[in-house]
Amino acid sequence: MSETYQYLSPEWTQEAHRRLREELTADKMKYVTSSMVTHYKNCPDGKDHSLFYKFVKGVIEELSLLEGKPPKAEFIISGDYEVFASISRAELGARSALMTGRLRLKGSMVKALGLSAVVDRMNKVLATIPTVY
Amino acid sequence: MVAQDPHDPYFIDFPQRVRAVQAAMAERGIDMYLGSRLRTLSWIAGAFCPWRSFIIIPPEGLPTVFTFVIDASRVADDSWLDEDHVLGYAPMGGQDQVSVISEMIDGYLNGGKVSIGIETGMGSYTPEGHLTHFEYEQFSAALPDARLVNAHDIVDALSVIKDTGTINRFREASRIVDIGQQAVYDAIKNSAYLGMTETEISGIATYAMRKAGSEFEWTFTGGNEIASGYRTGLAGGACTPATRRKLQAGEPLMVDLHAMFMLGLGDHSHNYLLGPASARQKWHARNFVDLVAKCLGAYRAGISPTSLADEMLAYCEEQGFAEYMVPGFEHGIGLMGDEWRIGMNDGPFPYWTNPEHVYRPDEMVICAIQYACPEEAIGFRYENPILISEGGCEYLSKYPLEIEEV
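Here the protein sequences come in this chain order: A and B.
Okay, so the first sequence: first residue is 1 according to our numbering, each after it adds one.
Okay, so the second sequence: first residue is 1001 according to our numbering, each after it adds one.
Think of the hints as simulated: they come from the structure by calculation, not from any bench.
Watch out, some of these pointers could steer you wrong.
Simulated restraints, written as ranges between beta carbons of each label pair [what the hints assert, rightly or not]: (1) A:K30 - B:L1194: 37 to 47 Å; (2) A:G58 - B:C1239: 32 to 42 Å; (3) A:A117 - B:P1127: 28 to 38 Å; (4) B:D1008 - A:G93: 44 to 54 Å; (5) A:K30 - B:P1091: 21 to 31 Å.
Everything numeric in this text was worked out from a predicted model, so none of it was measured.
C-beta atoms are modelled at their ideal positions from N, C-alpha and C, and glycine is treated no differently.
Build the full structure now, drawing on both the sequences and the hints.
Right, dumping it as structure tokens:
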């Protein structure tokens, strides 16, 4: 039986980084250089958490887990923990969550549009991690 | 993003315009300017913004345009502003126009009590772009520490006098319109108009003008306004979008063409009598041509719409055709979106031309004269952008003033 990970734990984050780097080539990542934060509100521990992604020429150089106020990044996607969890469980599409206002995007919408396929690919990889929510 | 070249004849110093707005803001104690009118977007961003758009001007530094995301990259490509200063809004969490704009304003203001200049009012021009009541309420709620004050007159005052680059854009748009007029004449002469429709005339002109570089038949009133027969004589028919009506012998034809060059607007109306013309029709035509020539000779700095109208209507009365005149002889004009009102909003009727507005050198208006005799199913329209100078005016369309019988 494969190992399972607690969602947003340091171990889950480490595994996510490993899988993303392994499965998404720079080409699939559109050689993007940028930064993104997914900010999780109302987490089960009662706190807010963030995942900070740093992309350099299509390589995810950094994926770190932070607590409290989200750090600065080119794009910040924020929403409730449960919404992100639903997306990771493939119960809800990220685009649908944005279109219905359950997720909020901060950053240039024009640039974000160009990266939506990249984010979709990342979400698909993250959805493959055996996760306990 | 379009590179700025000061040696280009069409160069407009947009950064200087922004600094002028910022200086006026400082004088009025306005911390941020939230523009929403089409004319403001054209005048500052230098790009055509057909979708609902906004421009934020901070106390210093570059402004930022917000437009519907589907058009944002194109606007950035056409503007002197870079893609970091032309952003899109969309119906998504945090990206709707109120959220994304309020957030940016908030970022500049650091939470203090502030004053934000907005553009509200009313207009006879549908695409004017004043802030709507709903938008006002939404921005007020999103920025509770801000006081929203009407400040459109800042841009209005700064845009009355035209700079050289703007004037040259209008000159080129008028040159293009003249090409359209020539194409129409070539197509209809020697009775070749028989069987043609008004929409076809519009298409012939459009094709010629587009070939010559026109970007748009810019009017909201239907592009090229073509009228024939009784439609030329409608007393309240100053805008005549082309219809499928067929041109017929013995009727008048009005050809009002519009071209756009780098947001500069061409607007010239020429008239014909589709032969054979009656003596009475020719009498009307002579009246009109004489009046237009007199009017063009009268424009100069120091006169006002009222003084001009008084002089022209007295002439019409003297010549016996005053009853056919629509008593107005011009409308305002500026870069795309700046149409209709002349000068500032300082007349007796809010948001209408002040009839006592005194023209200054380098102001532009469209000389617009409408002659209508509905009972005889005949009328004419003249339009031509004119540049006012100390002792006279330059009319930008050079197409010969006459009413030919074809």
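Give me the numbers of the hints this structure contradicts, sorted from smallest to largest.
1 and 2
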